Amino acid sequence: MHPHFSFSTILQQRLMLNQVNRIGAQRAIMQPKMIDKETVKRGVRTSYLGARSDPSSRLIDGYSALLARFHRHPMVVQDLVQEAANFLQRQFRLRWVMIGQKSPDGLYRYVAMSGMKPEAWERQIARTYTKEEFAPEVKGFFTAAEISRLTRAYLEEDNPLGEEDLAKVNRPVLLKSRRRSQEDALEGDFLDTLILGSDNEMLGWIDYSGTITGKFADSMTIRWVELMSAVLAAAISTQIPRTNGAQKETVRTGTALGPRTGSDAPR
Amino acid sequence: MNDIIQEAANYIHRQFRLRWVMIGLRNPVDGVCRYEVESGMRPETWEWQKKRTYKKEDFALAKAGWYNAGEISRFTRVYLEEDNVLGEEDVAQIVNRPFMMKATRKTQEDTLEADFIDTLIITPDNELLGWIEYSGTIASKFPDPMVIRWIEFIAAILAAAISTQDSQTAHV
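Line by line, the protein sequences give chains A and B.
Here the first sequence is numbered in my numbering, starting from 1 and rising by one per residue.
Here the second sequence is numbered in my numbering, starting from 1001 and rising by one per residue.
Any given hint could be a false lead.
[Said to hold, decoys possible] Among the chain A residues that face chain B by a calculated CB cut under 10 Å, a handful are:
{"#": "1", "residue": "Gln13"}
{"#": "2", "residue": "Ser47"}
{"#": "3", "residue": "Tyr48"}
{"#": "4", "residue": "Leu49"}
{"#": "5", "residue": "Gly50"}
{"#": "6", "residue": "Asp54"}
{"#": "7", "residue": "Ser57"}
{"#": "8", "residue": "Ile60"}
{"#": "9", "residue": "Ala65"}
{"#": "10", "residue": "His71"}
{"#": "11", "residue": "Arg72"}
{"#": "12", "residue": "Ala235"}
{"#": "13", "residue": "Thr238"}
Hints in this document: simulated from the structure, not taken from any laboratory.
Treat the numbers as computed from the prediction; the structure is a model and nothing was measured.
Using N, Cα and C, we set each Cβ at its ideal position, and we do this for glycine too.
Produce the complete structure using the sequences and hints provided.
The following block contains the structure:
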């Protein structure tokens, strides 16, 4: 054995090394490592970039793009309404979307759609409604289930269509199919989300079907549609000249206002 | 407009559990940017903050002798305490809880007292209309990335509202 490297010397050196390491480790625990500021900034940015692929984040992008139209002066509301219809249909995979607005003559008409067959759309844009016809329920006419202050569901069973109305339906061949579960949406089912201005003034409405998989829009989809209705309400409001004491078409939600007229029969 | 931005500040502060929120607007006439509303600030601190004025150049990411920011997105930047060392006078005047200064950052999710985030209120042409300034959360963490996204959305709404008002004012 080499004279300078006896077993006991090696053991002693190892023990001292362990002790030094332990002391070093204890010091490291007692003095927390400084977090580098660049690491912090990078961390915030990286987690943000990760969130960009979140479905809600993509929806925010879509809504922000629509809000960008408010910066064009004058704002072309019709373009915004059409873009909203396209966005809702595509983003939430709905079969069709129609958006209607109050016309200068006080009647309500469809002005934009996405996903409707052209023939069905031609029939729909010929229809007019009065504000009374947006009541949730009037015997013998449209019957709706109130989902929220803004949204109602109209079921095919509650609102059976006459023969002449079949042409207004997007896919008449699918009428009278069976509802196998409570999530299923039939061809004649639709949802309405009202577009209300200040003081519940009725500015328009968003009509939409179930999804392309034949289901009702889920609750968060309905919330996003209600958000869209708020955006459209703001846009439409910018076009309305305000005069003192002007008569407003108001909707008292939750109370019946009257039927849709028989001349424009339910779909 | 003041009502809208005050409601926005209150909402952001409460909903996302931030320590404080301030919203500033750029005056379209003189181009000067000032804080207009707050939520969560101490009254004494707010008194100092609302006296401060900025130019749009002051919102650059890095300006010699001025604030240094880390860019998070086109709209949002983060300002860290280490990058933007405050003098004693500033600590006393504009920091909400000056006694919390010089705490150490234990993890990269932790916020320090003088950290803050700016989300700009801009037009599609990048014209500065205002900004939303906010702290970390009440748990002293950076806001969740989806919180930042929601605040960016609120900034888009405020931008639309400001732009609409400006155009209506111009027509009067």
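### A/Ser57 as chain B interface residue, shortest Cβ-Cβ below 10 Å
holds, 5 Å
### Query
Regarding the hint that A/Ile60 lies at the interface with chain B, is the smallest CB-CB distance below 10 Å?
Because about 5 Å separates A/Ile60 from the closest Cβ in chain B, which is inside the 10 Å limit, the hint holds.
### Query
Holds or violated: A/His71 as interface residue toward chain B, Cβ cutoff 10 Å?
holds, 5 Å
### Interface restraint verdict for A/Ala65 against chain B (beta-carbon cut-off 10 Å)
holds, 9 Å
### Query
Close enough to count: is the Cβ of A/Gln13 nearer than 10 Å to one in chain B?
violated, 36 Å
### Task
With chain B as the partner, please determine if A/Ser47 meets the hint condition of a C-beta pair closer than 10 Å.
OK, holds: A/Ser47 within 10 Å of chain B, min 5 Å.
### Message
Checking hints one by one. Is A/Asp54 an interface residue toward chain B, by the C-beta closer than 10 Å rule?
### Response
holds, 6 Å
### Message
The hint names A/Leu49 as touching chain B; please verify it with the least Cβ-Cβ distance against 10 Å.
### Response
With a closest approach of 8 Å, the A/Leu49 hint holds.
### Task
Identify whether the interface hint at A/Ala235 stands, where standing means a beta carbon of chain B within less than 10 Å of its own.
holds, 9 Å
### Message
Next item in the hint list is A/Thr238. Is there a CB on chain B closer than 10 Å to its CB?
### Response
Constraint on A/Thr238 satisfied, holds at 6 Å.
### Message
Holds or violated: the hint that A/Tyr48 contacts chain B, with Cβ atoms closer than 10 Å.
### Response
holds, 4 Å
#### Entry: Restraint outcome when A/Arg72 is required to lie within 10 Å of chain B by C-beta distance
Constraint on A/Arg72 satisfied, holds at 9 Å.
The structure fails hint 1 only (numbered hints given earlier).
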